[in-house]
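S.K.: Chains as they are written, first to last, in the numbering used here: chain A, 1 to 179; chain B, 180 to 302; chain C, 303 to 645.
Watch out, some of these pointers could steer you wrong.
[Stated by the list, open to error] With a straight-line cut-off of 25 Å between C-alpha atoms, the simulated SDA-like cross-links for lysine to any residue are:
(1) Lys634(C) <-> Gly88(A)
(2) Lys46(A) <-> Ala206(B)
(3) Lys46(A) <-> Ala203(B)
(4) Lys634(C) <-> Met215(B)
(5) Lys46(A) <-> Gly252(B)
(6) Lys634(C) <-> Arg188(B)
(7) Lys46(A) <-> Leu194(B)
(8) Lys634(C) <-> Gly252(B)
[Said to hold, decoys possible] Simulated restraints on C-beta separations:
(9) Leu38(A) <-> Gly222(B): 32 to 42 Å
(10) Trp205(B) <-> Pro372(C): 23 to 33 Å
(11) Val641(C) <-> Val225(B): 38 to 48 Å
(12) Glu35(A) <-> Arg191(B): 57 to 67 Å
(13) Ser534(C) <-> Arg191(B): 46 to 56 Å
(14) Lys634(C) <-> His61(A): 19 to 29 Å
(15) Val627(C) <-> His61(A): 48 to 58 Å
(16) Leu242(B) <-> Trp632(C): 33 to 43 Å
(17) Arg191(B) <-> Leu131(A): 24 to 34 Å
(18) Leu199(B) <-> Gly617(C): 56 to 66 Å
(19) Ala446(C) <-> Ala250(B): 16 to 26 Å
(20) Leu80(A) <-> Arg235(B): 32 to 42 Å
(21) Ser534(C) <-> Val14(A): 49 to 59 Å
(22) Asp598(C) <-> Lys46(A): 35 to 45 Å
[As the list claims (entries may be wrong)] Now the stretches of chain B that chain A is said to cover, found in silico as 3 or more residues with beta-carbon under 8 Å:
(23) 181-190
(24) 194-201
In short, the hints are calculated from the structure, not lab data. Note that the Cβ used here is the ideal one computed from N, Cα and C, for glycine as well.
Listed below, chain by chain, are the residues.
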Amino acid sequence: MRSISEPEAAGVAVSSLDRRIAGLAALAVVIHLAEAALPSPLPGIKPGLANVVVLYALLRHGLQVALWVGLLRVLVGSLLLGTFLSPGFFLSLSGAVASLAVLALMHRLPGLSGPGLAVPAAMAHVMGQFLTAYVWFIPHAGLFHLLPAFLTAALLFGLAGGLAVNRLLDRGLAREGRA
Amino acid sequence: MTRRYGLTRGDRWVLSAALLALAAAWAALGGDEGGMALVTQEGRVVARLDLERPTRLTVDGPLGQTVLEVAEGRVRFLSSPCRGQLCVHAGWLSQGGAFVACLPNGVAVRIAARSERYDAINF
Amino acid sequence: MIRLLLVLSLLGGLLSCQSPPSVSRHEFMAFGTLVSLSFYGLDGEAASRATAAAMEDFRYLHSAWHPYEPGPLGRVNELLPLQGWFTYPPSLRPLLLRARELSRASGGLFNPAIGELVMLWGFHEDPRREGPPPDPKAVAEWVAAAPSLEDVELRGLEMRSRNPRVRLDFGAFAKGYGVDRVIEHLRELGVENAIVNAGGDLRAIGSKGGAPWVVGIRDPRGPGVLARIAVSGDESVFTSGDYERFFEYEGRRYHHILDPRSGYPARGLVSVTVVAGEGALADAAATALMVAGPEDWPQVARAMGVEQVMVIEEGGGIQLTPAMVRRLQWEKPVPEPRVRPLP
């Protein structure tokens, strides 16, 4: 992250917060692109690794950073993929908004770590996408036949992602402790 | 925060709730997967066929016996004593709300699904 | 904890959105076909009361309007060939007047004075008695006599025919007219959201709790549904097709929609679907456009005042009016439809 050129030269003051957001968002975008490029065995079901970055941002740096990272990921990712303002973009956006809303509501609850936040966020992501898909694109009750399968995938990937965030945070803390 | 298997006590609560919601989702929507065919004769329901269970059903009507066949989640009129044979030509039915009747023999088959695709069929 | 509950109740709320809507469906045989009623938001008792009323209406109308069985219209048909004045049942008057308007608008292609031709072809019996098509000479004689509703004079509650070959058969629009009467009756009973579907021809009023009723139009030649159309408010969807009643003789197929100009089954089209407010209009127009054929139907549609039409040609081609293009959603791949603006 240090290798990013110092934008102060352009006359804009860049805080360390900005830099953190930029770094994490860049990481999330790269993962987003990689996931878009990888074929999925089940159409529409993806592990949502980019959301791991968002959750990490939330737990490490707070809600504000997580919101930025989550929304930038969708926006920049779609610009790079050329899907900006396409149906896929709105599906992506509504999923991100729904999961960020759940994270915003739940992150202050005591006693929750990565999985306790990632699982509801992932399920909200799926619900947000389904609702948008239903209202805007496929107003057909048959769509909801697919919902349980998607929610199940969300639960599993959310759990895995949440555990991964826990380990990342633990390591980070351990490293800081050593330093 | 103490964790067991990487999960805090709060995580486990949330996870349990999520599993419950998931079970409810499967229960609420899973029932729709296997469709049901409603067989009526002169307006009276004579059978409900589970489309996932291959079978044959013979229905008696004023003209004779109408034979229905269920296979691979679909149902059709296999044979009919009527002259027009429109019901037999209609072929397989599988979509919710789909409907075929043999008026001469008074036998009607309708695919019932909880979320029907159409409210009515025009022909 | 309160937030958690909030989130979970939100999840629950989203899931319960998919619980089945309160649509009830009731089916019975009447009018020589299967009648299906759908009600939205009507409790069980009100729904069965409405169903009983509709069933009674349909059965009464069937006997009152049957052209070939003893009954009000059957008796009229016995008396018409005598060409003298006679008193006809008052209940037939509105039917006759509306039929005459529609027949005039269609330029005679919808012709309710066609009963004798129907009998020549044997379509008055259900099922039709096996046998060849009629003697071409007999058909030609009927065409030369050209019976029409213009031959029928009405004077108050008396009528007479100036043409001995007039025999009334409202088959081409009785279903639509009957569905209209039943809808009227249901409204009087306080039913606001319903579909009355008489053997595939239907009128829908209100909506399904704000969502439109979804009607699938069956593919006339293949299995399944060709297109769907969302209807709400008050609309009728009627289809006339060559597959409804037909017989085969020596390898040729003869269907029941007869062209009064030739005396033979209409040619060129497989089916015509009309969407209009009034069921009687949609029904009569679907028949008249079938008779008009693949080139001339737009003029007849304009003359009858229907704007939403889909016709399917014998070759499988599809023609649509511009107003219909906006209404249909295809449910299977179709050849590029030809859009026919009305003149």
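S.K.: Each of the hints needs a verdict: does it hold here or not?
M.R.: A quick look at each hint next to the structure:
no.: 1; hint: Lys634(C) <-> Gly88(A); verdict: holds (24 Å)
no.: 2; hint: Lys46(A) <-> Ala206(B); verdict: holds (24 Å)
no.: 3; hint: Lys46(A) <-> Ala203(B); verdict: holds (23 Å)
no.: 4; hint: Lys634(C) <-> Met215(B); verdict: holds (23 Å)
no.: 5; hint: Lys46(A) <-> Gly252(B); verdict: violated (30 Å)
no.: 6; hint: Lys634(C) <-> Arg188(B); verdict: violated (52 Å)
no.: 7; hint: Lys46(A) <-> Leu194(B); verdict: holds (20 Å)
no.: 8; hint: Lys634(C) <-> Gly252(B); verdict: holds (20 Å)
no.: 9; hint: Leu38(A) <-> Gly222(B): 32 to 42 Å; verdict: violated (56 Å)
no.: 10; hint: Trp205(B) <-> Pro372(C): 23 to 33 Å; verdict: violated (60 Å)
no.: 11; hint: Val641(C) <-> Val225(B): 38 to 48 Å; verdict: holds (46 Å)
no.: 12; hint: Glu35(A) <-> Arg191(B): 57 to 67 Å; verdict: violated (29 Å)
no.: 13; hint: Ser534(C) <-> Arg191(B): 46 to 56 Å; verdict: holds (48 Å)
no.: 14; hint: Lys634(C) <-> His61(A): 19 to 29 Å; verdict: violated (52 Å)
no.: 15; hint: Val627(C) <-> His61(A): 48 to 58 Å; verdict: holds (54 Å)
no.: 16; hint: Leu242(B) <-> Trp632(C): 33 to 43 Å; verdict: holds (37 Å)
no.: 17; hint: Arg191(B) <-> Leu131(A): 24 to 34 Å; verdict: holds (28 Å)
no.: 18; hint: Leu199(B) <-> Gly617(C): 56 to 66 Å; verdict: holds (57 Å)
no.: 19; hint: Ala446(C) <-> Ala250(B): 16 to 26 Å; verdict: violated (55 Å)
no.: 20; hint: Leu80(A) <-> Arg235(B): 32 to 42 Å; verdict: violated (58 Å)
no.: 21; hint: Ser534(C) <-> Val14(A): 49 to 59 Å; verdict: holds (56 Å)
no.: 22; hint: Asp598(C) <-> Lys46(A): 35 to 45 Å; verdict: violated (56 Å)
no.: 23; hint: 181-190; verdict: holds (count 7)
no.: 24; hint: 194-201; verdict: holds (count 5)
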